[in-house]
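A.B. asks: Protein chains in written order, with this note's numbering: chain A, 1 to 109; chain B, 1001 to 1113.
Please keep in mind that the hints were generated in silico from the structure rather than gathered at the bench.
Misleading hints may appear alongside valid ones.
[What the hints assert, rightly or not] Simulated crosslink set (DMTMM-like; lysine to aspartate or glutamate; CA at most 20 Å straight-line):
no., chain 1, residue 1, chain 2, residue 2
1, B, Lys1041, B, Glu1067
2, B, Lys1041, A, Glu3
3, B, Lys1036, A, Asp83
4, A, Lys2, B, Glu1024
5, B, Lys1041, A, Glu57
6, B, Lys1040, A, Glu57
7, B, Lys1041, A, Asp58
8, B, Lys1036, A, Asp58
9, A, Lys42, B, Glu1053
10, B, Lys1040, A, Asp66
11, A, Lys70, A, Glu15
12, B, Lys1040, A, Asp93
13, A, Lys2, B, Glu1044
14, B, Lys1040, A, Glu45
15, A, Lys96, B, Glu1053
16, A, Lys96, B, Glu1084
17, B, Lys1036, A, Glu45
18, B, Lys1041, A, Asp66
19, A, Lys42, B, Glu1024
20, A, Lys70, B, Glu1056
Listed here are the chains, written in short residue letters.
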Amino acid sequence: QKEVEQDPGPLSVPEGAIVSLNCTYSNSAFQYFMWYRQYSRKGPELLMYTYSSGNKEDGRFTAQVDKSSKYISLFIRDSQPSDSATYLCAMSDDYKLSFGAGTTVTVRA
Amino acid sequence: ETGVTQTPRHLVMGMTNKKSLKCEQHLGHNAMYWYKQSAKKPLELMFVYNFKEQTENNSVPSRFSPECPNSSHLFLHLHTLQPEDSALYLCASSQDWTTDTQYFGPGTRLTVL
């Protein structure tokens, strides 16, 4: 079983739709949860960082963590074509960062 | 992308060639990382350096040889690679190796013929 599972997609949505991304994990020691965004031919950039279970909102982005279910989500409201990218979840247990495979999202104008 | 830079951005090499990838960070961080990114697979951590000392080597074949002369520079020396080594090689840095927030460079797209 992989430590972090993420559906690679691809996911295609119309502009203005809500994008819903998620990851599951098996290591209960993970305490820090991140979402990275990676545009084509670029390196990943940190989008959201959360520590505890619950929701964190930043503009059009909301990150959710449910430690009891070992499940994290990222929601993008009012999606724009500029949101087209690969989104990687990542999580840490203080020793190392483990990544999901990434979900490729295309927002159609 | 002035935080973490990588050169070259693209590299094509034969299996008998020797080449080097370079990474430089301008963030004042103490930890630097090499990752391999293959299509549809999670990022694979290869090496970690903290204050110029290697703290992790994730069972990487010896045909990959890292070098960290100071906290700002990281190299990955490549020798007798295999076609399956073709991938995007990403460099990252963080304040120290226990810090979760890593900043990535744009990567070097490597093709081994």
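A.B. asks: Each hint: holds or not?
C.D. replies: Hint check:
1. Taking the CA atoms of lysine 1041 (chain B) and glutamate 1067 (chain B), the gap is about 26 Å. The hint is violated against a cut of 20 Å.
2. A threshold of 20 Å between alpha carbons decides the hint, and for lysine 1041 (chain B) with glutamate 3 (chain A) the separation of about 12 Å falls inside it, so the pair holds.
3. A threshold of 20 Å between alpha carbons decides the hint, and for lysine 1036 (chain B) with aspartate 83 (chain A) the separation of about 24 Å lies outside it, so the pair is violated.
4. Distance check on the hinted pair: lysine 2 (chain A) and glutamate 1024 (chain B) sit about 32 Å apart at the alpha-carbon level, beyond 20 Å; violated.
5. For the proposed pair lysine 1041 (chain B) and glutamate 57 (chain A), the alpha carbon gap of about 28 Å is over 20 Å, so the pair is violated.
6. A threshold of 20 Å between alpha carbons decides the hint, and for lysine 1040 (chain B) with glutamate 57 (chain A) the separation of about 28 Å lies outside it, so the pair is violated.
7. Our distance criterion of 20 Å between C-alpha atoms is broken by lysine 1041 (chain B) and aspartate 58 (chain A), whose separation comes to about 28 Å.
8. For the hint pairing lysine 1036 (chain B) with aspartate 58 (chain A), the CA-to-CA distance comes to about 30 Å; that exceeds 20 Å, so the pair is violated.
9. A threshold of 20 Å between alpha carbons decides the hint, and for lysine 42 (chain A) with glutamate 1053 (chain B) the separation of about 27 Å lies outside it, so the pair is violated.
10. Simply put, lysine 1040 (chain B) and aspartate 66 (chain A) have alpha-carbon atoms about 25 Å apart, too far for the 20 Å limit, and the pair is violated.
11. Taken as a hint, the lysine 70 (chain A) and glutamate 15 (chain A) pair is broken in the structure, with Cα atoms around 30 Å apart against an allowance of 20 Å.
12. Simply put, lysine 1040 (chain B) and aspartate 93 (chain A) have alpha-carbon atoms about 24 Å apart, too far for the 20 Å limit, and the pair is violated.
13. Between the alpha carbons of lysine 2 (chain A) and glutamate 1044 (chain B) the distance comes to roughly 13 Å, so the proposed pair stays at or under 20 Å and holds.
14. Proximity of lysine 1040 (chain B) to glutamate 45 (chain A) is assessed by CA-CA distance (about 18 Å); at most 20 Å being required, the pair is judged to hold.
15. Pair hint lysine 96 (chain A) plus glutamate 1053 (chain B) holds up; C-alpha atoms about 16 Å apart against a cutoff of 20 Å.
16. With a C-alpha separation of about 25 Å, the suggested pair lysine 96 (chain A) and glutamate 1084 (chain B) falls outside the 20 Å cut-off, and the hint is violated.
17. Taking the CA atoms of lysine 1036 (chain B) and glutamate 45 (chain A), the gap is about 16 Å. The hint holds against a cut of 20 Å.
18. Taking the CA atoms of lysine 1041 (chain B) and aspartate 66 (chain A), the gap is about 24 Å. The hint is violated against a cut of 20 Å.
19. This hinted pair checks out: lysine 42 (chain A) and glutamate 1024 (chain B) have alpha carbons roughly 16 Å apart, not beyond 20 Å.
20. A hinted pair counts as satisfied when its Cα atoms are at most 20 Å apart, and lysine 70 (chain A) with glutamate 1056 (chain B) does not qualify at roughly 27 Å.
Violated hints for the displayed structure, listed by number in ascending order: 1, 3, 4, 5, 6, 7, 8, 9, 10, 11, 12, 16, 18 and 20.
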